[in-house]
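For chain F, the structure is supplied; the task is to place chains A and S on it using the hints.
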Amino acid sequence: MRHLLATEGLDAATATAVLDTAEELKRTLLGREVRKLPTLRGRTVITMFYEASTRTRVSFEIAGKWMSADVVNVSASGSSVGKGESLRDTALTLAAAGADCVIVRHPASGAAHRLAGWLQEAGTSVVNAGDGTHEHPTQALLDAATLRERLGDLAGKRVAIVGDVLHSRVARSNVHLLTTLGAEVVLVAPPTLLPAHVDRWPVTVSHTFDAELPSLDAVMMLRVQAERMHGGFFPSAREYSIAYGMSEARLAALPEHAVVLHPGPMLRGMEIASSVADSPRAAITQQVANGVHVRMAVLYHLLAHEEEVRS
Amino acid sequence: MAPRNRGAAEPAGRELLSAGDVARTVARMAHQVIERTSLGAADAAPVVLLGIPTRGAPLAHRLAARIADFSGARVPTGVLDITLYRDDLRRRPTRPLGTTELPPGGVDDQLVILVDDVLFSGRTVRAALDALRDAGRPSAVQLAVLVDRGHRELPIRADYVGKNVPTARTEEVHVQLHEVDGRDAVLLRRMEDPA
Amino acid sequence: MTGLVLRGVRPYGEDPVDLEIRDGVLAALGSDVDTDGAEVRDCDGLVALPGFVDLHTHLREPGREDTETIATGSAAAALGGYTAVFAMANTDPVADNAVIVEHVWRRGREVGLVDVYPVGAVTVGLAGEKLAELGTMAGSRARVRMFSDDGRCVADPLLMRRALEYSTALDAVIAQHAEEPRLTVGAQAHEGDLAARLGLAGWPAAAEESIIARDCLLARHTGARLHVCHVSTAGAADLLRWAKAQGIRVSAEVTPHHLLLDDERLATYDPVNKVNPPLRTAADAKVLREALAEGVLDCVATDHAPHAPQDKDCEWSAARPGMLGLQTALPVVIRTMVEPGLLDWRGVARVLSERPAEIAGLPDQGRPLEAGEPATLTLVDPAASWTVRGAELASIAANTPYEGMALPGRVVTTLLRGRITAHEGEVLA
Numbered sequence: 001m002r003h004l005l006a007t008e009g010l011d012a013a014t015a016t017a018v019l020d021t022a023e024e025l026k027r028t029l030l031g032r033e034v035r036k037l038p039t040l041r042g043r044t045v046i047t048m049f050y051e052a053s054t055r056t057r058v059s060f061e062i063a064g065k066w067m068s069a070d071v072v073n074v075s076a077s078g079s080s081v082g083k084g085e086s087l088r089d090t091a092l093t094l095a096a097a098g099a100d101c102v103i104v105r106h107p108a109s110g111a112a113h114r115l116a117g118w119l120q121e122a123g124t125s126v127v128n129a130g131d132g133t134h135e136h137p138t139q140a141l142l143d144a145a146t147l148r149e150r151l152g153d154l155a156g157k158r159v160a161i162v163g164d165v166l167h168s169r170v171a172r173s174n175v176h177l178l179t180t181l182g183a184e185v186v187l188v189a190p191p192t193l194l195p196a197h198v199d200r201w202p203v204t205v206s207h208t209f210d211a212e213l214p215s216l217d218a219v220m221m222l223r224v225q226a227e228r229m230h231g232g233f234f235p236s237a238r239e240y241s242i243a244y245g246m247s248e249a250r251l252a253a254l255p256e257h258a259v260v261l262h263p264g265p266m267l268r269g270m271e272i273a274s275s276v277a278d279s280p281r282a283a284i285t286q287q288v289a290n291g292v293h294v295r296m297a298v299l300y301h302l303l304a305h306e307e308e309v310r311s
Numbered sequence: 312m313a314p315r316n317r318g319a320a321e322p323a324g325r326e327l328l329s330a331g332d333v334a335r336t337v338a339r340m341a342h343q344v345i346e347r348t349s350l351g352a353a354d355a356a357p358v359v360l361l362g363i364p365t366r367g368a369p370l371a372h373r374l375a376a377r378i379a380d381f382s383g384a385r386v387p388t389g390v391l392d393i394t395l396y397r398d399d400l401r402r403r404p405t406r407p408l409g410t411t412e413l414p415p416g417g418v419d420d421q422l423v424i425l426v427d428d429v430l431f432s433g434r435t436v437r438a439a440l441d442a443l444r445d446a447g448r449p450s451a452v453q454l455a456v457l458v459d460r461g462h463r464e465l466p467i468r469a470d471y472v473g474k475n476v477p478t479a480r481t482e483e484v485h486v487q488l489h490e491v492d493g494r495d496a497v498l499l500r501r502m503e504d505p506a
Numbered sequence: 507m508t509g510l511v512l513r514g515v516r517p518y519g520e521d522p523v524d525l526e527i528r529d530g531v532l533a534a535l536g537s538d539v540d541t542d543g544a545e546v547r548d549c550d551g552l553v554a555l556p557g558f559v560d561l562h563t564h565l566r567e568p569g570r571e572d573t574e575t576i577a578t579g580s581a582a583a584a585l586g587g588y589t590a591v592f593a594m595a596n597t598d599p600v601a602d603n604a605v606i607v608e609h610v611w612r613r614g615r616e617v618g619l620v621d622v623y624p625v626g627a628v629t630v631g632l633a634g635e636k637l638a639e640l641g642t643m644a645g646s647r648a649r650v651r652m653f654s655d656d657g658r659c660v661a662d663p664l665l666m667r668r669a670l671e672y673s674t675a676l677d678a679v680i681a682q683h684a685e686e687p688r689l690t691v692g693a694q695a696h697e698g699d700l701a702a703r704l705g706l707a708g709w710p711a712a713a714e715e716s717i718i719a720r721d722c723l724l725a726r727h728t729g730a731r732l733h734v735c736h737v738s739t740a741g742a743a744d745l746l747r748w749a750k751a752q753g754i755r756v757s758a759e760v761t762p763h764h765l766l767l768d769d770e771r772l773a774t775y776d777p778v779n780k781v782n783p784p785l786r787t788a789a790d791a792k793v794l795r796e797a798l799a800e801g802v803l804d805c806v807a808t809d810h811a812p813h814a815p816q817d818k819d820c821e822w823s824a825a826r827p828g829m830l831g832l833q834t835a836l837p838v839v840i841r842t843m844v845e846p847g848l849l850d851w852r853g854v855a856r857v858l859s860e861r862p863a864e865i866a867g868l869p870d871q872g873r874p875l876e877a878g879e880p881a882t883l884t885l886v887d888p889a890a891s892w893t894v895r896g897a898e899l900a901s902i903a904a905n906t907p908y909e910g911m912a913l914p915g916r917v918v919t920t921l922l923r924g925r926i927t928a929h930e931g932e933v934l935a
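Protein chains in written order, with our numbering: chain F, 1 to 311; chain A, 312 to 506; chain S, 507 to 935.
The reader is advised that the hints may include incorrect statements.
Said to hold, decoys possible - No more than 25 angstroms apart at the CA atoms, straight line, and that leaves these computed lysine to any residue pairs for SDA-like:
(1) F/Lys-26 x F/Ala-289
(2) F/Lys-65 x A/Arg-401
(3) F/Lys-26 x A/Arg-401
I should point out that these hints are in silico values taken from the structure, not numbers from a laboratory.
Fair warning: this is a prediction, and the values are worked out from it, not measured in the lab.
Isolated chain F, as found in the complex (with noise of 0.2 angstroms):
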């Protein structure tokens, strides 16, 4: 692996791979007194963040750390990038500067893919943190891990997508990740908060939460950011939370060893219920704790290995 964009086009073989290698790690690390292996000693790690995020920005730091290579952290405010500096200039003087590996968050889709093609010849890979409304991929890897842990192989499980589709990064990994592992996704939001054609994904879609529930294995809430609620995708925070709110009572409808993710922040009382996200049913700091796992195992999958082999 070169770099990672996208979970769409990866392939059943890496990702498992990849989420093997994370449990592997969390296993190698739990109990123990130092959590650092020398795996990347000397490889430089630097993370781009060009939109606030302190939680995926942390779990890569951490990761990083963790398998021992050097991490530099560049944020919007704190570098030329906050000066107009394109992003392409950035770009190639920290590739130039020995970055062995550049994660990047970036309010624009396809960010993460025009890095990768101007550092193609520079040798260092791109981690895609978020790219706009296009892909998080390490999010949905650490979903996919966080839902192996509770149900085991994802093969014919049935995970409900529930929220702004449209609008979600989390939603468009998670449908080519879980689709890809064999899993069956349903998408449940208003007709306003879906993609285009979203016909032609290989996904079915549900404006009814509750006919839904009985047959999940798993339930990923998606966040509702502030602008959409003024922008008229919805007539009003209640109606939302009405129809598509995670709520004690969807809770209850849902089988018993059904899980319910959120990829955070949380919207306490309008996306999820209060009780529901501190329900042991949960998974919410399960997912936090294996994003550093999986952020790990992409880094060793992209940097602990010939250079021959990585193209």
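Frame of chain F, contents of chains A and S only:
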């Protein structure tokens, strides 16, 4: 992400040890371990066998079984995966991680005997020592190998050697074990394609 | 003037003749033309067409002379076989007054490679709030007869109605960039399967079609002449067919890139493919080619839009929309229309020269290749194939979406009123 399956291709070559030889060698090593560690003595440090994947793991189990046969002592056995500690990760395709399984008692304050099939450059053992350091603090560490083929690149030696085999660098030593390869043997063959 | 004889050219790709040019005029066509005192050139097998007229060019001067100037844009035009171009008004400052349009017109004459006609803005500063001084621009030395806020839509229906009404007194045409802005907030790409997967905010076909429908009705109501810029959807072609059948005075153009390219190009996120309106589906492109052959779409216009590298070699959403087009228009028309048999060379003359000249009301462009007509023509080697290299094009900018593509048909010579303006890849000012 090709695994390194050294023995999987049924390499032809000169047989250094037959199945019977392998069994006798392991038995002899078991006797040596019992003797050198004063196994069973009241003041002896508790012993743990840790096999290094792939073939060190079944070897450690065989060694433990022979030790139990000869001394009655049950030696805790585990597996120590060293992939994350290797210094040659960037020279090969991505390696899948093996599973590290330490015995329930861990390794702290115990005499750990690392078990591997072939001792060559010593780099695997170096990685294993690093991995072991992160796993705990043994009172001492020893090394047992089925075959020592020479050509050390690090100041490392084995405490228990099944067989010393003088080799050329252009040769490869293949240990085959029933648990992994379906049969027991040690083969010597010429590298067809020296890198 | 001594005269020029072009031997063996094939007018409209038909039987070879000799063309005799004297005093900027086609003096004679035939096998026994007068070569006395004339330079004789062997043009065996070259197809002769009336010089091309581009209703939609961005020459970027004034304002972005780092990407194109009237001089370099004129050179690109002449090399592409053009003898007249209409320079869009979205310069900086905007061509919304007589001073700017006269400047563009005068610079075009100074350069002298093609006739440069400035397009005036419909509204002041392209802001869509207040009519620009259309009459003053029409009465200026530039004699502006085409007005457009291209790059932006005249979205306010009342303002569009007024512009159409007002233009009738000037014998002018309003060229609309049909894009309902409320339906394209943040839009980045055609709202289709691919954009949805790529997370690029969608630009629905309805945003274009709703404005075309509205403006056709306004044109009917006012009796004014409407020209629809860069039609890109199958639905728009249906609307235009309907409007023309109603007798509404509407004309329409299609760009070469909308004939050839489609939204499959998005997958790389390379903004060289970002354009406004966006590349639509392959099905749209097919309908557009058929509509052009049918005459529902009147002509091909390049929407030649030079952009600096830093405005293209960036992330998709930060990139400016637009593509170079002047030097690749004919090859793309050959590839999409001639090769599949949708147009013959007379048809090419119609869509690249005659109809645009008529729409713009140019008396001396798009004329038939007949004795007594202006010697404004283009000689094409239809058998030649060439590989597009942005860096080798005459424009300062290099943002061609056809980089590395082999395209058919090469412009060998361009003549403007008897004078050779481009020959074998060189311009002759």
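Hints and how they fare:
{"no.": "1", "hint": "F/Lys-26 x F/Ala-289", "result": "holds (9 angstroms)"}
{"no.": "2", "hint": "F/Lys-65 x A/Arg-401", "result": "holds (19 angstroms)"}
{"no.": "3", "hint": "F/Lys-26 x A/Arg-401", "result": "holds (22 angstroms)"}
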